[in-house]
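Colleague: Both chains come to you apart, so use the hints to assemble them.
Taken in sequence, the protein lines are chains U and D.
Every letter in the first sequence is one number past the one before it in numbering that gives the first Met the number 0, and letter 154, counting from 1, is 153.
Every letter in the second sequence is one number past the one before it in numbering that gives the first Met the number 0, and letter 460, counting from 1, is 459.
Everything hinted at is true.
Straight-line alpha carbon distances no greater than 25 Å define the calculated SDA-like cross-link-like pairs of lysine to any residue that follow:
1. K655(D) - S470(D)
2. K88(U) - D83(D)
3. K77(D) - S158(U)
4. K88(U) - S86(D)
5. K182(D) - M412(D)
6. K513(D) - P448(D)
7. K84(U) - N52(D)
8. K329(D) - Q121(U)
It should be emphasised that the hints constitute simulated quantities derived from the structure, not laboratory data.
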Amino acid sequence: MKTTIVLLWALLTAAPVFSQQDVRTDPQVSAEGFKWFLLEETELEVRRQLGQPVMVAEFGEYRSWQYQLGGVEHDEFSHALVFRKSDGKLVSVSRNFDHARNVDEFLPEGETTTHWFHSAGQPDFGVRVRKLTGGRVLIAVGVSQRGQTTSQLVLMRESELPHFYPWLLSPGTPDRAHSRRPVEHPEAGATVEGPQNRSPARGTQSVEAPSPKAATGATTHSQTPEEN
Amino acid sequence: MSKTRRVWNAAAAALLFTAPLLAQSAPSVRILLPERTRLLQGQLVDLVLEVRNAAAVSNLKVTAGAVDLTAKFGAPVKADLDCDGSSDWVLRADLQSFGIPGDVKLDVAVTAGGSSVTDSRNVQVREFNPPSGPRRNIILFIGDAMGTAYRDAARLVSRSIVDASGKNSFRDGFFDDLLEMDKMPVSGMSMTYGTDSIVPDSANTGTAWATGNKSFLNAVNSLGDGTDCKWRFNGQQNAATLAFMSDNPRVENLWQYLKRRFSYRTGIVTTAAVTDATPAVQGAYIGYRQARYDIARQYRENPMLNGRPAFDLILGGGADPFTAAGRSDKRDLIAEFQSLGYRYVTTATELRNINYGQPTIGLFKGSPSPAPGSNGITTAADVNMDVAYDKLKLARPASEPNAALGAFTDQPMLDLMTQKAIEVLSTGLTSPPFILMVEGASIDKQSHPNQAAGTIWDTIEFDKAVGVARSWASKRPARDTVIVVTADHDQSMSIIGVSNTPDAEYFNRTKSEKVAIKTTLGDQDFTVYGDSFSNNRAALPFINTSTTASNNGGVAGMPGTFTPSNPADTPAASTYSTYSGSPAYKLDAATGYPVNSGADIRRIAVGFRTGDHTGSSVPVTAEGPGAFLFTGYMDQTDIFFKMATALSADTTEADKLLDTIGSNSYPRTFGKK
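Looking at chain D on its own, in the form it has when it is part of the complex (with noise of 0.2 Å):
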């Protein structure tokens, strides 16, 4: 080889080696909104530039189409994006908007470190123009984590009832009456994946329906940015790193967009804490749903309404961060908000007697003696209301926590609060439109335990203000409001039968057996509990506990091996059956509600695979003008824009259409009526 050719392949391997290096210290500009960003006219969004590796800053130049917005932003601040102690810079204009409907086009020049660098996005912008004459309502229902098998499961529970003469409202495989979301005459699916994560969480999903953008897991409203790194993804989320949580470019929800535009009373209801990321993607804008206080004070001073209230109903749980004594700034926000004439309420006795249009808060669950978080940036305990199945008080196994309602007994059911925010948003003085949001919480947080009972009664529940809401709707002079349930995620429980396990051993948890699977790739234990032996197909990790060759040898077919600390007790030598007969319930005809109990009960039996969310699809079903939009498939960011569309559109011809189609002419599903 000659010296000349030595001396190139020495620099091409030079070359070769210290690109990457110079790549990633190659200075670069990126603009903070995903590749497909959409938005309406006139929402806010914060346009954010990231510059990196470059010692300074010049020469900005940013036009969306002809218009030059260079002068929206700030000054360049210095940052450190990445965690990687590289000279960046961060670049705002916070708040903008494109007030044109169309593709536009956002363009980012910029001289970074001597070198011209570039960026681009593409923004679809689509028209809102709500009717010039009576404006529509629009009410979201939420099952947090109602998935099929949730909807599947109240229906077989609250529908499978035995009357006084034995007849089953379930024979034969027909239901004499459906759940109220099955009788909406539209259904859809919604794609609920993230930008981080096939399996998303409720801040992420539900900032993908209240904005029409999808982020990432833990996300309320907000996007991702450079300096995530100082808190996300090291579990070190609290005061000193909250600055890093608030910086994140801001969305704005339909809510604040409604209100702010076009006097929209704005309301949530949930039985949750009321900060909990379902609700407070209505009302909150920062990257991590678990600070509290932040989400309670926009609650209070929303920063898309230049400081005022972001809603004129708040029904829940969790008053702590409201509190002064549980917040570290001991700022009294439940004070403040009856200072603008805000009502407050503290127990269904109280809700059931306001029947006006006063701006209404009402916490009616918090911890008997708030506290502020450790942290800097919650509350010491996040209480949300009492679950259904507790306020019924009906029985739980042993080995589940009992009702812990303490000073909190009386509590509304979630209906009673729809009623009342139903109420109270439509009876203005000048009765404006309104948009509510209603979320069945602990569908999710009883799911995620395991606990069986728990969630499939809080789905019954949440069913009971589907109707509420569809009473109410159905006796309007006009067809004015659009009605639409859907999840923002599911959950891992599936039905896989009927259990005749009878209330000795389904509230005896103590009878369990504990499994051992050993295998090359590690070793796990599990304690399967008597009621749940029916579920164990389910419950083991891994495997199917059956041996059928169609089941792939099941527990034989496993890598390693299985073994149960007793034999005789194995799942697979379990006597119930899982695959034949109905379920079975009595109703309490106080309480509306069916019992878990008793004599000739025959309870659904099901499984949970990870007692935790999960990547399928959700169900969504409408009703109301416009309620067409709902069909199909869909990512779940297009109920943003259906949900605009129908209060918006004129959809008189569709919702004809749609009345004949649900009309005896056509064949009707039995139960719907």
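Bound conformation, chain U alone (with noise of 0.2 Å):
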């Protein structure tokens, strides 16, 4: 029962990363008040939620839905919400910050693992990565260690990383994730196991590359914080 209420209060604090819960509020006016993305939101969920969307855009099996929440640059947007068009699924939420934040909190040590992304003639890119439970993951942008702001969180169903962070599960990487404990399910209030068959990258190795013009020889490792 302490864990349970220990993680619900994590969850819960854990929110602000990704919405304003009240979108009845002045535009000029940054929103207040927040919500944490299970994705397993509906697409009538997420309108009551977050109101219409900006932006409307199909592409291949996706549908993206994108809002201008807070207070964000005119031209960029604040949630982008990916749902799977075949199931209706949310498959992953991007926040962007338009200022950086520490997001320290949501990526406890010991639960989260930091990633390389490597480019030819690019200086190295972190990421850090925290497993939750239902397949998701949870992505800060641009950092690799704590202390560290970051202006990108997104969470993802893990089964969608193949497409879109392929270097995040690149295979024969020690699997650090063995070590989380499980941890609960706040809406339903039970305890679900944390997903423990794939693993952060480790290793340096190639990644897909889209064309001759872009190819970036990129490679990838990953290593625990404590390894900074």
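Modeller: Right, dumping it as structure tokens:
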């Protein structure tokens, strides 16, 4: 029970990363109040929470809803939600902050791994990843250690990583996820076993390049925060 | 039903249900050019083919009319197009061009997964042969978001000046003097739609007039492709997805085209960060406008120019992505420019002192402490120059952010930047022709937060810059400079009358009322500020607050209920009249700009419907040789081809006709001196 309460508290306090809860507000004033996404929300539930998206785009098997909520630059979207068309499942929520913020509280040590994206001629690019219940991963983009700030957080179904972040799922790397304890599902109030069969990438290997012109020779490896 | 029939029915049903699947998985090839592709002869473009749903690709054949282009293509590269996990391929022939004007049919045939698949495009290739004698210059002015209401507002504010005797320069509905851009002899309208939206942004509209081809929101001189799903729709633009923003087919813009082929000098002047979307379309090629590191890098080493710099002159804000401290790759692009002979200036004072044609980069604002952004593709901050209203130190309402010039107190006004840009570009040792873009950026940037004075004063500043160019061009010994003034897209401001709001209330934005609108479709709360009471008709969503029958009942006619927190203070009860009277401003002789406070000021009243871009067409005005080309309703991509034609075609007879029409023999608008 104690674990349940602690984890429920953690999830609720973690909520600000994703979306404002109350859209009944002056559009010129930053919205207050936030909501945590489980990636189980239906389109109708999202629409009720966030209202109509500013933009809807369809691509391949996906549909994207993009929002401008709170204090964001006019040409940027604060939230991008991607649904799979075939089953209507919400597969990812991206939260772009106008001003970078520290999100360490959502990425506790011991549950978070750091990955590096290498691109020829470019500085290494780090992301911190935490596996969540329900086959979800939380990705803090552009941070490699505690104390840094990010302008981009991504909550994504782990099953979608091969399409969007394949270098986070490269095989043959140590599975640090096994060290995680089961976590609680706050809405259901039940303990849900965390994912155990996927691991963050480790080591150096090729990553898909889109074309000869854009080929980056990108490689990736991962490490835990302790290795930094 | 017989057994045979049942079998056939079952087979038919199976086919019916599997047909979409089969269709989806069938191999295909697509040429990544729009259906209506237009290019100048010799204009560079990436020819990219996408093959979907094929285990292997072979037997490629690409022809352009009778010319076989197959050998231009590299080997097929495996790709995950559409993020669907299918086996796809990309084949590229980068930076190709068509040398002979006319309609070219591009045919592609390829064996994909054992099947022969084809695609074709018709490409219109337009002639471009500049005259052998002295060449023409072109100056393109872009008022960002400067739709008709913005031009009208700038005119009403800057040309309704009451002098010491009490005489208003706007009387009885006529102006003594119109805006500089009003005085240009030719006008037209430009439709600004993008490939994916009727409401565009500065990137894809810029792509239209810079390259002659349309594209999608955020695209800088790049066309859509199958790997856009990796970043474009899911909000995950960062260093790990940068490669997928960089692989879009590129179309050469007019700036690089003229520099590469005809040694034009090139320049950009903007009040935004110089890597913002509007200036970026003159010098960069990428799918995502916010990839500022790469845009700045391409200014230094342009892909269309074999790595040479894109510009001879860059003036604006946004120093950060040019500094080592602001870039994650730690390249010092300013030092690199300087090592190539560029002069670097950072203040208006320094800018005033330059007077010859040395290549110049002037960055007049940046962060006090530039730092890389966490997404790995841009800086922590994009710092635009301060707006005219703030550079002039005019008072803002309390609720609007005060000017924060910080250490950047000596920023030039846009007219000075334009004057110096023309001097630099036109005074090379060999007097080369030049092409220059001048942007009034914060017409848009101030309109987004509905800061009316900020956007109007920036439009006035922009018009003064147009005046500088007109004056310079008029003094040239030969009529050799085309000036075009337009906007990239419109914004939602509308002029709704005149407000007699006194300073005390105009500058007191703490006076406000909260309005709740409850409907069956959802609830919204809005705050209406004191200084915008007269604007309420436009400020409130969904409704017109007028209760007249002709307005469909106004508040009463809307679905749901309308509940101001203080019924005595409702917009409908406002005593301000927006339908009568004329504006009256006073001029600050020291700055040449109107002031916005003091006794006897009557301000125009404006409303903002959304605080965002709109899909309305925008005005175009033109002057100089070939100006007549810019008349009528046109697509925004036409501006590219009209500019090219104005530079290359013999327009003598039409120019004479235009002079005749502008003479006193024909009716002339008052104030159009």
